[in-house]
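> Per the numbering used here, the sequence shown starts with residue 7, numbered consecutively.
A couple of the hints might just be wrong.
Simulated pairs of lysine to aspartate or glutamate, DMTMM-like, Cα-Cα distance not exceeding 25 angstroms [stated by the list, open to error]:
| id | residue 1 | residue 2 |
| --- | --- | --- |
| 1 | K95 | E31 |
| 2 | K13 | E86 |
| 3 | K25 | E70 |
| 4 | K41 | E31 |
| 5 | K13 | D52 |
| 6 | K41 | E86 |
| 7 | K64 | E31 |
| 8 | K22 | E47 |
| 9 | K22 | E39 |
| 10 | K21 | E81 |
| 11 | K96 | E39 |
| 12 | K96 | E47 |
| 13 | K13 | E31 |
| 14 | K91 | E31 |
| 15 | K48 | E31 |
| 16 | K95 | E81 |
| 17 | K64 | E51 |
| 18 | K64 | E53 |
| 19 | K91 | E53 |
| 20 | K22 | E70 |
| 21 | K41 | E70 |
| 22 | K91 | E81 |
| 23 | K91 | D52 |
| 24 | K91 | E47 |
| 25 | K91 | E70 |
| 26 | K41 | E53 |
| 27 | K41 | E81 |
| 28 | K95 | D52 |
| 29 | K25 | E51 |
| 30 | K48 | E86 |
| 31 | K25 | E39 |
| 32 | K22 | E86 |
| 33 | K96 | E81 |
| 34 | K22 | E81 |
| 35 | K64 | E39 |
| 36 | K25 | E86 |
| 37 | K13 | E51 |
Hints in this document: simulated from the structure, not taken from any laboratory. These figures come from a predicted structure and were not determined experimentally.
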Amino acid sequence: MYLIMSKNGQIRIPKKIQKQLNLIEGQYLFVYESKNCIMIEKHHEDETLNQCLFTNGKITIPMELRRLCNINVREMFSIEVSCNKIILKKRN
Numbered sequence: 007m008y009l010i011m012s013k014n015g016q017i018r019i020p021k022k023i024q025k026q027l028n029l030i031e032g033q034y035l036f037v038y039e040s041k042n043c044i045m046i047e048k049h050h051e052d053e054t055l056n057q058c059l060f061t062n063g064k065i066t067i068p069m070e071l072r073r074l075c076n077i078n079v080r081e082m083f084s085i086e087v088s089c090n091k092i093i094l095k096k097r098n
């Protein structure tokens, strides 16, 4: 499955994944970079990581992560779920 990031850095999380991970509207999710991927998860031991609000089925990827990962407007990503994490990989 592929997703496109909006010009504002937003990604829409598919309903199937929202239900699978029990994501709740208004919940804060941890968003960070690992191995050149964007990771999104509900719980993380490092409380200093970026936390972004999940609203309207979307989450905004912080600008510093977009710069770090060299993500451009309208970038396309593959989306996977593994170990209760959402993994976004840039499509080459």
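> Next, verify each hint and record whether it holds.
Going down the list of hints, with the structure as the test:
no. : hint      : in the structure
1   : K95 - E31 : holds, 24 angstroms
2   : K13 - E86 : holds, 22 angstroms
3   : K25 - E70 : violated, 28 angstroms
4   : K41 - E31 : violated, 28 angstroms
5   : K13 - D52 : violated, 29 angstroms
6   : K41 - E86 : holds, 14 angstroms
7   : K64 - E31 : holds, 9 angstroms
8   : K22 - E47 : holds, 15 angstroms
9   : K22 - E39 : holds, 23 angstroms
10  : K21 - E81 : holds, 21 angstroms
11  : K96 - E39 : holds, 12 angstroms
12  : K96 - E47 : holds, 18 angstroms
13  : K13 - E31 : holds, 22 angstroms
14  : K91 - E31 : holds, 17 angstroms
15  : K48 - E31 : holds, 12 angstroms
16  : K95 - E81 : holds, 10 angstroms
17  : K64 - E51 : holds, 23 angstroms
18  : K64 - E53 : holds, 21 angstroms
19  : K91 - E53 : holds, 16 angstroms
20  : K22 - E70 : violated, 28 angstroms
21  : K41 - E70 : holds, 16 angstroms
22  : K91 - E81 : holds, 20 angstroms
23  : K91 - D52 : holds, 15 angstroms
24  : K91 - E47 : holds, 5 angstroms
25  : K91 - E70 : holds, 20 angstroms
26  : K41 - E53 : holds, 19 angstroms
27  : K41 - E81 : holds, 18 angstroms
28  : K95 - D52 : holds, 22 angstroms
29  : K25 - E51 : holds, 23 angstroms
30  : K48 - E86 : holds, 15 angstroms
31  : K25 - E39 : holds, 23 angstroms
32  : K22 - E86 : holds, 12 angstroms
33  : K96 - E81 : holds, 7 angstroms
34  : K22 - E81 : holds, 22 angstroms
35  : K64 - E39 : holds, 18 angstroms
36  : K25 - E86 : holds, 14 angstroms
37  : K13 - E51 : violated, 30 angstroms
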